[in-house]
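Here's the letter readout for the chains.
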Amino acid sequence: MTGLRSIPSHSPDVVTRKTGSEYILVPVIDNIADMDNFYTLNETGAFIWELMDGERNVKEIIRALVAEYDIDDKTARADVISFITELKDYLIIK
Amino acid sequence: MKEYNLNIAGYNIRFESAADGPELVPSERFRNSIVTRPDPNLLITVHSGECNLPRGARRVFHAPLFEEEEGTLIRRAKKFWSVYKHHSRIFIKTTFPYSSTKNKGILLLSLTHMCWDLWLTGDVTEADPMEYPLDALILYYLTIVFGDIMIHASGVNNAGRGYLFSGVSGKGKTTLARLWFKTGGTVINDDRLIIRKRGARYFMYNTPVYTDDKPRESPVSKIFIIEHASENRQVRLTGAAAVSRVMANCIQQNWDREIIARLLGTVSIMCSMVPVSQLFFKPDRRIIEYLLENE
Chain S
146 MTGLRSIPSH
156 SPDVVTRKTG
166 SEYILVPVID
176 NIADMDNFYT
186 LNETGAFIWE
196 LMDGERNVKE
206 IIRALVAEYD
216 IDDKTARADV
226 ISFITELKDY
236 LIIK
Chain Z
17 MKEYNLNIAG
27 YNIRFESAAD
37 GPELVPSERF
47 RNSIVTRPDP
57 NLLITVHSGE
67 CNLPRGARRV
77 FHAPLFEEEE
87 GTLIRRAKKF
97 WSVYKHHSRI
107 FIKTTFPYSS
117 TKNKGILLLS
127 LTHMCWDLWL
137 TGDVTEADPM
147 EYPLDALILY
157 YLTIVFGDIM
167 IHASGVNNAG
177 RGYLFSGVSG
187 KGKTTLARLW
197 FKTGGTVIND
207 DRLIIRKRGA
217 RYFMYNTPVY
227 TDDKPRESPV
237 SKIFIIEHAS
247 ENRQVRLTGA
257 AAVSRVMANC
267 IQQNWDREII
277 ARLLGTVSIM
287 CSMVPVSQLF
297 FKPDRRIIEY
307 LLENE
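Here the protein sequences line up with chains S and Z, keeping their order. Counting from 146, one number per residue, gives the positions in the first sequence under my numbering. Counting from 17, one number per residue, gives the positions in the second sequence under my numbering.
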């Protein structure tokens with residue numbers, strides 16, 4: 146369970162590339178079976194990803210999302226928690 | 017023979033047998049790729065005997081043996097080939113599952129030094145140094161060194177336009193290649209291609225698979241990610257969607273950040289220069305008419 150004071154940062158085992166306002170995430174793997182495990186982030190996902198800098202906590206990321214996209218706190222919180230849950234293999238969460 | 021050069025996808029690869037090495041006997045499928053050029057991109061010295069991995073070499077990647085059966089991949093053996101890393105040196109240990117011998121091989125390569133070594137153990141008075149899977153592994157690491165792409169795709173050239181149809185097993189690569197062949201297109205390859213940038217354009221090349229294969233190439237005018245469907249239609253892909261769909265069909269060993277970053281960069285640039293679409297198609301000649309109408 147990710148708490149609001151958790152501080153997420155990018156795993157060193159993922160390589161990213163920004164294309165326009167989107168990201169592609171490719172994990173470092175050690176076998177041929179997991180080869181197609183890529184992830185793409187849309188503009189909102191890219192915004193959240195860039196905020197996960199190892200300094201901001203989850204609460205601060207939610208606040209930034211509310212300010213940027215003019216959405217309510219409840220929606221932003223659900224989006225960020227869902228994002229972290231989905232991408233947990235690509236993140237380090239302290 | 018004790019030495020020979022192959023030109024595959026524009027790479028000039030020279031094989032030399034070491035003093036204690038085997039007689040080199042390239043298999044039939046490489047005969048049309050033998051050249052006499054003096055300036056190789058890569059020299060591979062072939063030895064007979066053992067090569068012990070250095071202490072501290074770390075296994076970074078491994079591949080079981082998969083075989084395709086009616087469009088499905090089935091794992092035939094747990095151990096096939098493995099990649100080990102020791103500082104900047106990369107060792108690949110492999111078996112040869114389709115060989116009549118029980119030989120094993122160790123390829124020592126570097127991404128910065130273009131003199132590689134190959135040790136073959138077992139009964140090796142004569143050997144093909146490009147025996148499967150060495151051919152695929154050597155060509156794959158050459159694409160990494162040169163910033164190129166190896167991809168699961170068939171490719172055709174029709175009246176100077178090059179179409180690349182990419183998909184994993186069972187998606188219809190060979191079907192599309194055959195349909196184009198029947199309508200007069202030139203098939204570059206029906207399963208695996210190497211893509212290289214020359215000047216401002218991208219070119220696709222075959223790699224020898226069949227016994228009568230000759231070197232073939234074509235510019236890449238359009239890339240299609242293919243899917244069987246009940247009607248013919250295409251959807252243009254752009255941005256991250258295009259890059260990730262093409263990446264997913266690239267042949268890759270993602271055990272190293274630098275290797276991933278190189279391929280991701282190459283694919284991203286190509287997708288910004290060559291149109292990429294998802295192609296849903298019915299496997300009959302009308303898909304060719306559809307593609308030509310939508311040129």
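None of these hints come from the bench; they were simulated from the model. There's no promise every hint is true.
Unchecked claim - Which residues of chain Z face chain S? A few of them, derived with a C-beta cut under 8 Å, are:
1. Gly72
2. Val76
3. Phe77
4. Pro113
5. Ser115
6. Ser116
7. Thr117
8. Val225
9. Tyr226
10. Val259
11. Ala264
12. Asn270
13. Ala277
14. Leu280
15. Gly281
16. Met286
Said to hold, decoys possible - When the alpha-carbon atoms are kept at most 30 Å apart in a straight line, the in silico DSS-like pairs for lysine-lysine are as follows:
17. Lys230(Z) x Lys120(Z)
18. Lys118(Z) x Lys94(Z)
19. Lys94(Z) x Lys120(Z)
20. Lys198(Z) x Lys213(Z)
21. Lys239(S) x Lys219(S)
22. Lys233(S) x Lys120(Z)
23. Lys163(S) x Lys198(Z)
24. Lys204(S) x Lys239(S)
25. Lys163(S) x Lys230(Z)
26. Lys230(Z) x Lys213(Z)
27. Lys118(Z) x Lys95(Z)
28. Lys163(S) x Lys95(Z)
Note that this is a predicted model, so its numbers are computed, not measured. Glycine residues also receive a C-beta, built at the ideal position from the N, C-alpha and C atoms.
A quick look at each hint next to the structure:
1. Gly72: At 17 Å from the nearest chain S Cβ, glycine 72(Z) fails the 8 Å test, so the hint is violated.
2. Val76: Hint holds; valine 76(Z) Cβ to chain S Cβ min 6 Å, cut 8 Å.
3. Phe77: Check passed: Cβ of phenylalanine 77(Z) comes within 6 Å of chain S, closer than 8 Å.
4. Pro113: 15 Å, violated
5. Ser115: With a closest approach of 21 Å, the serine 115(Z) hint is violated.
6. Ser116: Constraint on serine 116(Z) not satisfied, violated at 25 Å.
7. Thr117: Result: violated, 24 Å to nearest chain S Cβ.
8. Val225: With a closest approach of 20 Å, the valine 225(Z) hint is violated.
9. Tyr226: 24 Å, violated
10. Val259: 5 Å, holds
11. Ala264: 5 Å, holds
12. Asn270: For asparagine 270(Z), the interface hint holds, since the closest Cβ of chain S sits about 5 Å away, which is under 8 Å.
13. Ala277: 5 Å, holds
14. Leu280: Constraint on leucine 280(Z) satisfied, holds at 5 Å.
15. Gly281: Cβ of glycine 281(Z) sits 7 Å from chain S, so the hint holds.
16. Met286: Result: violated, 12 Å to nearest chain S Cβ.
17. Lys230(Z) x Lys120(Z): 28 Å, holds
18. Lys118(Z) x Lys94(Z): 17 Å, holds
19. Lys94(Z) x Lys120(Z): 16 Å, holds
20. Lys198(Z) x Lys213(Z): Roughly 29 Å separates the two Cα atoms, so the pair holds.
21. Lys239(S) x Lys219(S): With Cα atoms ~23 Å apart, lysine 239(S) and lysine 219(S) stay inside 30 Å; holds.
22. Lys233(S) x Lys120(Z): Between lysine 233(S) and lysine 120(Z) the Cα gap is close to 40 Å, so the pair fails against 30 Å, i.e. violated.
23. Lys163(S) x Lys198(Z): 41 Å, violated
24. Lys204(S) x Lys239(S): Within the cut-off at roughly 13 Å; holds.
25. Lys163(S) x Lys230(Z): 39 Å, violated
26. Lys230(Z) x Lys213(Z): 21 Å, holds
27. Lys118(Z) x Lys95(Z): The given pair, whose Cα atoms are some 14 Å apart, holds under the 30 Å limit.
28. Lys163(S) x Lys95(Z): The given pair, whose Cα atoms are some 36 Å apart, is violated under the 30 Å limit.
Of the numbered hints stated above, those contradicted by the structure are hints 1, 4, 5, 6, 7, 8, 9, 16, 22, 23, 25 and 28, listed in ascending order.
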